Amino acid sequence: MRILQYILRRLFYMIPVLFGVTILVFVISHAIPGDPAKMIAGPKASRQAIENIRKSHGLDQPLPIQYIRFVTGLVKGDLGVSIRNHRPVTHDLKDFLPATLELTLASIVICLGVGIPLGIISAVHRNRLPDHFTRVFSVFGVSMPVFWLGLMLLLLLFYRNLGWLPGSGRLDIDFSPPVHVTGLYLIDSLLDGQFDTFFNAAAHILLPAFCLSYVYLAIVTRIVRSSMIEVLGQDFIITARANGIAETAIVLKHAFKNSLIPTVTITGLSFGELLGGAILTETIFGWPGMGKYVVDSVNYLDFPAIMGFTLIVALVYVSINLLVDVLYAFLNPRIQY
Amino acid sequence: MKPKTNLHPKWRELKLTGRLLRSNPTAMAGLIILVAMGLMALCAGWLAPYDPIKLSLGERLQPPGAVHWFGTDEMGRDILSRVMFGARISLRIGFVVICIAGGLGSVIGAVAGYYGGRVDNIIMRVMDVILSFPSLVLAMALAAAMGPSLNNAIMAVAFVMIPKFARLVRGEALSVKEMPFIAAARVSGARNRWIIAHHILPNCLNSVIVLGTLTLGDTILIAASLSFIGLGAQPPTPEWGAMISVGRKFLLDQWWYATFPGLFILTTVIGFNILGDALRDILDPRIRR
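Residue numbers (this note's numbering), protein chains in the order written: chain A, 1 to 337; chain B, 1 to 289.
Please keep in mind that the hints were generated in silico from the structure rather than gathered at the bench. In this text, all values refer to a predicted model and were calculated from it rather than measured experimentally. Using N, Cα and C, we set each Cβ at its ideal position, and we do this for glycine too. Please note: incorrect hints may appear among the correct ones.
Which residues of chain A face chain B? A partial, calculated answer using Cβ under 10 Å [what the hints assert, rightly or not]:
| hint | residue |
| --- | --- |
| 1 | Val21 |
| 2 | Phe147 |
| 3 | Leu275 |
| 4 | Val294 |
Over the 10 Å line for every Cβ pair with chain A, so calculated as not near, a few chain B residues [stated by the list, open to error]:
| hint | residue |
| --- | --- |
| 5 | Met28 |
| 6 | Leu47 |
| 7 | Leu61 |
| 8 | Pro63 |
| 9 | Leu80 |
| 10 | Arg118 |
| 11 | Ala184 |
| 12 | Ser188 |
| 13 | Ala197 |
Heads up, simulated SDA-like pairs for lysine to any residue below, C-alpha to C-alpha not over 25 Å straight-line [as the list claims (entries may be wrong)]:
| hint | chain 1 | residue 1 | chain 2 | residue 2 |
| --- | --- | --- | --- | --- |
| 14 | B | Lys249 | A | Lys257 |
| 15 | B | Lys249 | A | Ile173 |
| 16 | A | Lys76 | A | Asp60 |
| 17 | A | Lys55 | A | Ile65 |
| 18 | A | Lys76 | A | Phe12 |
| 19 | A | Lys94 | A | Gly80 |
| 20 | B | Lys249 | A | Ser168 |
| 21 | A | Lys38 | B | Gly230 |
| 22 | A | Lys44 | B | Gly65 |
| 23 | A | Lys55 | B | His198 |
| 24 | B | Lys249 | A | Asn299 |
| 25 | A | Lys44 | B | Leu80 |
| 26 | B | Lys249 | A | Arg84 |
| 27 | B | Lys10 | B | Ser23 |
| 28 | A | Lys94 | A | Phe198 |
| 29 | B | Lys249 | A | Leu155 |
| 30 | A | Lys94 | A | Leu315 |
| 31 | A | Lys38 | B | Pro148 |
| 32 | A | Lys55 | B | Gly147 |
| 33 | B | Lys249 | A | Leu105 |
| 34 | B | Lys249 | A | Gln234 |
| 35 | A | Lys257 | A | Ala242 |
| 36 | A | Lys38 | B | Met155 |
| 37 | A | Lys44 | B | Ser149 |
| 38 | B | Lys249 | A | Leu171 |
| 39 | B | Lys249 | B | Gly65 |
| 40 | A | Lys38 | B | Met146 |
Based on the provided sequences and hints, a complete structural model is requested.
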């Protein structure tokens, strides 16, 4: 019951943040550039066209009224119309969201699947070879320009002609996308029983997902390592050892469980940053998601599309942080609400 | 306790930091990388074998060799020279961003922490809003709104970095303001503004330096990413991210084009990260002396 209260209170705290997020996006899109009407009309528009847009978009109204219109539009799912293809931005983002979600989720799986074991190994063998190796690996991770890593991976793949993995996109041309259920090809193809489509999609996602995950893999490894080291030094671990409990059980059951909280925090934070990193990774690997969409929009200075993307990503990020806070409540019964 | 030497305490602290730094091999490695990059940036004019901007179409896309160590780009410009001048741009971006974000963020954080109450609440909620966006996404939106140029990219990245410093300094200010010497200053008639400038901020300096060093790496990465998607430095400026962006088109046949600028980004950011990590340990008063 108290958990429920806590969740409700957290939801309530979200309101000012969401309000702030919409204000910030509104300020960026309506107040910072010299003339938003010019932005929407595009660089080659005539003066008359700009005036028309100013009228039709209500840009001649005072800013508070414009803000109210902006938010009411938002509630109805209206993010404006793309300059580039004249489609509602919401439709575009809806089409591209599943690909990005699939990529970021796959990256999270790699982050946790590789990062947690690496962190544990590093902590258990502290200051010995595996630990040094892991630390070098993570320094490279946090210092790596994602877009360059992607290019180098591609280069290795094609220049050396390894032929292990397919090229860009989500599927080879001779595969048709599976029936749309979740929009995630890996899940949809399994639901449909199309295993060859599944393997093709998996081969396509491997490289971009690894590239995107590397930075956060390094961060997860670091966090798991340091919190494991801290937990392993505590009294209850010594007691467990004195009681003759097997070392693997101590590490995996007692120590790891207690180091979960920082790991969950960092995963939540990373997810938002992964959405940012997706901008670069998708561009490099020709992955048809929101990130590639927004970079194409940047090249056209397609303002409504850029702002729509920014807003959606912020909303996803805020929701995930909420989810992380709720997860704490279940993970650590000691937290007082 | 009487000091062992009659040096001013500030100098003693600095000497101690220097000694701890020298005895830490990773810190020294980071420092050496950064000094080398800094020298390369400063002396690019003398060191670079060719003009980084001048076209030489007869020598387009030459592979690395004795004449052009890192090869040439699609305009026949020497990539080594461009990379050297690029260090100037990337380091400048990093330092300018950290000065703006660190300066503004520290003052904002100190004000929030020192005054507390409603001021603190309002300031920190605003910072929370900025932190609700992934840094690259917000920087991209801002840079796009202001128009693609290097200076706009710098301002965009600086804006995104402010909350990091504000949060850190606020936390420190909260504990510093409870110390007896603050009460003493207040009793002796110091005004709030003077206390913030002369007591709160200087006491947060160590942490700000550490965060600044660590953030410098991130800053360079974000700025390079902005240039990569076309929102930062514009051609023909020899900026590393922008070079990779063009080099991408030549990836398969002219591998050297995108490879070398990226290696330099990686090396520089590694330098800042390992130096920052080491500084964090060295400047931590709990494990000092």
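Going through the hints against the structure:
no., hint, verdict
1, Val21, "holds (5 Å)"
2, Phe147, "holds (5 Å)"
3, Leu275, "holds (6 Å)"
4, Val294, "holds (7 Å)"
5, Met28, "holds (15 Å)"
6, Leu47, "holds (23 Å)"
7, Leu61, "holds (15 Å)"
8, Pro63, "holds (13 Å)"
9, Leu80, "holds (17 Å)"
10, Arg118, "holds (14 Å)"
11, Ala184, "holds (36 Å)"
12, Ser188, "holds (40 Å)"
13, Ala197, "holds (29 Å)"
14, B/Lys249 - A/Lys257, "violated (47 Å)"
15, B/Lys249 - A/Ile173, "holds (22 Å)"
16, A/Lys76 - A/Asp60, "holds (22 Å)"
17, A/Lys55 - A/Ile65, "holds (14 Å)"
18, A/Lys76 - A/Phe12, "holds (21 Å)"
19, A/Lys94 - A/Gly80, "holds (14 Å)"
20, B/Lys249 - A/Ser168, "holds (15 Å)"
21, A/Lys38 - B/Gly230, "holds (20 Å)"
22, A/Lys44 - B/Gly65, "violated (45 Å)"
23, A/Lys55 - B/His198, "violated (53 Å)"
24, B/Lys249 - A/Asn299, "holds (16 Å)"
25, A/Lys44 - B/Leu80, "violated (38 Å)"
26, B/Lys249 - A/Arg84, "holds (23 Å)"
27, B/Lys10 - B/Ser23, "holds (20 Å)"
28, A/Lys94 - A/Phe198, "holds (22 Å)"
29, B/Lys249 - A/Leu155, "holds (12 Å)"
30, A/Lys94 - A/Leu315, "holds (14 Å)"
31, A/Lys38 - B/Pro148, "holds (15 Å)"
32, A/Lys55 - B/Gly147, "holds (23 Å)"
33, B/Lys249 - A/Leu105, "violated (29 Å)"
34, B/Lys249 - A/Gln234, "violated (54 Å)"
35, A/Lys257 - A/Ala242, "holds (19 Å)"
36, A/Lys38 - B/Met155, "holds (22 Å)"
37, A/Lys44 - B/Ser149, "holds (19 Å)"
38, B/Lys249 - A/Leu171, "holds (23 Å)"
39, B/Lys249 - B/Gly65, "holds (21 Å)"
40, A/Lys38 - B/Met146, "holds (13 Å)"
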